[in-house]
Amino acid sequence: DGGITQSPKYLFRKEGQNVTLSCEQNLNHDAMYWYRQDPGQGLRLIYYSQIVNDFQKGDIAEGYSVSREKKESFPLTVTSAQKNPTAFYLCASRDGNTEAFFGQGTRLTVV
Amino acid sequence: AQSVTQLGSHVSVSEGALVLLRCNYSSSVPPYLFWYVQYPNQGLQLLLKYTSAATLVKGINGFEAEFKKSETSFHLTKPSAHMSDAAEYFCALGSGNTGKLIFGQGTTLQVKP
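If you read the protein sequences in the order shown, they are chains S and H. Note that my numbering numbers the first sequence so that position 94 is 78, with each residue one more than the last. Note that my numbering numbers the second sequence so that position 73 is 76, with each residue one more than the last.
Everything labelled a hint here was simulated from the structure, so no lab data went into it. Please read all numbers here as calculations on a predicted model, not as lab measurements. All C-beta atoms in this analysis are idealised placements derived from N, C-alpha and C, irrespective of residue type, glycine included. Treat the hints loosely; a few may be bogus.
Stretch-level coverage of chain H by chain S, calculated; a stretch enters the list once three of its residues show a Cβ under 8 Å from a Cβ in chain S [said to hold, decoys possible]:
1) 35 to 44
2) 48 to 60
3) 106 to 112
Which chain S residues stay away from chain H? Per the calculated CB distances, all over 10 Å, these [stated by the list, open to error]:
4) Pro(-8)
5) Gly47
6) Pro59
Could you put together the complete structure from these sequences and hints?
Now the structure itself:
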């Protein structure tokens, strides 16, 4: 079945630690997105990529990094510079101006 | 600048009543508009989309939305609410030239028995 897979579903990070969230899609979509979701704040765009080896900052990119070495994969690293990383992270992919397809999310908690 | 505004962070209706969730957008280019639904701890599921064809768009689960350019609105409606409709709903704006997909703040729909 085609879709987007995010892993892990739950992730715990210690203070000062970098963690990487995985996002893989087999929909052959060119564009991929990372959003952060906090209660009452909707979805805020962290980074997006419209093509392999290229990506752009979204509205809240500070403290995050991404790579797009393969069309299928768009991992997100939450660095120690992100001071408040506890949130629900959603990855999506999209083909042109069609709708975006979402993964099931990763819930990151700082311990 | 492009933006999406959802009026009302919480909407409560009785089962069987009309559902109306409001969405207004701002875009300098013809918009692509979407409504998504999210259940707790899950990803987003597409309800319906407007991509410059018919202005009245029908989606899944009995939902529909009407694109009104003059009002820059894309409100979501359902004639009769069901308990299973309780969820969070997001309106989204797609930009054809930047590839960005911008979301509103979300509206939590509560359905009372």
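A quick look at each hint next to the structure:
no.: 1; hint: 35 to 44; in the structure: holds (count 4)
no.: 2; hint: 48 to 60; in the structure: holds (count 4)
no.: 3; hint: 106 to 112; in the structure: holds (count 4)
no.: 4; hint: Pro(-8); in the structure: holds, 13 Å
no.: 5; hint: Gly47; in the structure: holds, 20 Å
no.: 6; hint: Pro59; in the structure: holds, 17 Å
Of the numbered hints given earlier, the model fails none.
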